[in-house]
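Heads up, the final residue of the sequence shown is numbered 193 in our numbering, and it's a clean run with no missing numbers.
Everything labelled a hint here was simulated from the structure, so no lab data went into it. Treat the hints with care, since some could be wrong.
[To be verified] Ranges of calculated distance between the beta carbons of each label pair, as one might list FRET restraints:
(1) Asn-161 x Glu-136: 19 to 25 Å
(2) Arg-68 x Trp-96: 15 to 21 Å
(3) Arg-68 x Pro-45: 18 to 24 Å
(4) Asp-138 x Ser-165: 31 to 37 Å
[Claimed, not checked] List of simulated lysine-lysine pairs, BS3-like, C-alpha gap at most 30 Å:
(5) Lys-49 x Lys-113
(6) Lys-115 x Lys-49
(7) Lys-106 x Lys-120
(8) Lys-120 x Lys-49
(9) Lys-106 x Lys-49
Note that the structure is predicted; figures quoted are calculated from it, not measured. Cβ coordinates follow ideal geometry from the N, Cα and C atoms, glycine included.
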Amino acid sequence: MAPKLRILLLLVVIPVWLPADQGHDHGPAIGEVGSVSFPVSCSPAAQKVFSRAVAMLHSFWYEEAARSFSSVADADPTCAMAWWGVAMSYYHPLWEPPTADALQKGVSAIRKSKALEAKTERERAYIAALGAFYEADPSLDYLSRNRTYSHAMERVYRSNPQDSEVLWWPLRRPQTRRTPISARPAPYWKRY
2 MAPKLRILLL LVVIPVWLPA DQGHDHGPAI GEVGSVSFPV SCSPAAQKVF
52 SRAVAMLHSF WYEEAARSFS SVADADPTCA MAWWGVAMSY YHPLWEPPTA
102 DALQKGVSAI RKSKALEAKT ERERAYIAAL GAFYEADPSL DYLSRNRTYS
152 HAMERVYRSN PQDSEVLWWP LRRPQTRRTP ISARPAPYWK RY
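Given the sequences, and given the hints that come with them, work out the whole structure.
Here you go:
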């Protein structure tokens with residue numbers, strides 16, 4: 002086969018072949034999301050799954066995190082933080098605003114969390130802070146809801162400065178962003 006024909010064939014086949022391989026990417030394996038220490042008043046077995054689910058949140062693996070938090074609620078029906086976790090899995094402050102369906106699922110989860118009456122002040126503070134986002138006046142826009150949540154998390158931080166998990170809240174402060182990342186123009190190198 003002539004070298005020019007081989008090159009032409011490769012130029013045609015490779016662009017078709019490479020995208021086909023992307024269908025095999027199933028996200029990170031369970032062991033690849035890292036580990037988090039986020040102690041809660043759930044049963045010891047539920048605690049282990051809860052911590053893994055928080056690690057999934059930090060890895061932006063929201064759907065799997067929601068499933069894991071739901072399994073925590075099944076394993077320990079008194080664990081209010083399990084439903085907080087489900088609600089957190091519908092809150093994506095770095096991306097676009099939640100859909101109406103996701104917002105409603107988050108509202109439902111945070112209400113279940115509040116109904117269980119968390120056992121510690123720290124847990125009640127986390128639940129109340131996320132409740133500030135989900136139960137805000139429905140007329141508030143997404144940015145205003147984010148600011149409400151951010152101010153509530155600042156209060157959690159001031160009450161728990163030693164809590165390593167609450168130290169992440171400044172990274173979630175969305176009030177400095179006027180638009181979600183997905184609404185911003187693509188960087189130069191992605192436009193061409």
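* Asked: Tell me, which hint numbers fail for this structure?
  -> none
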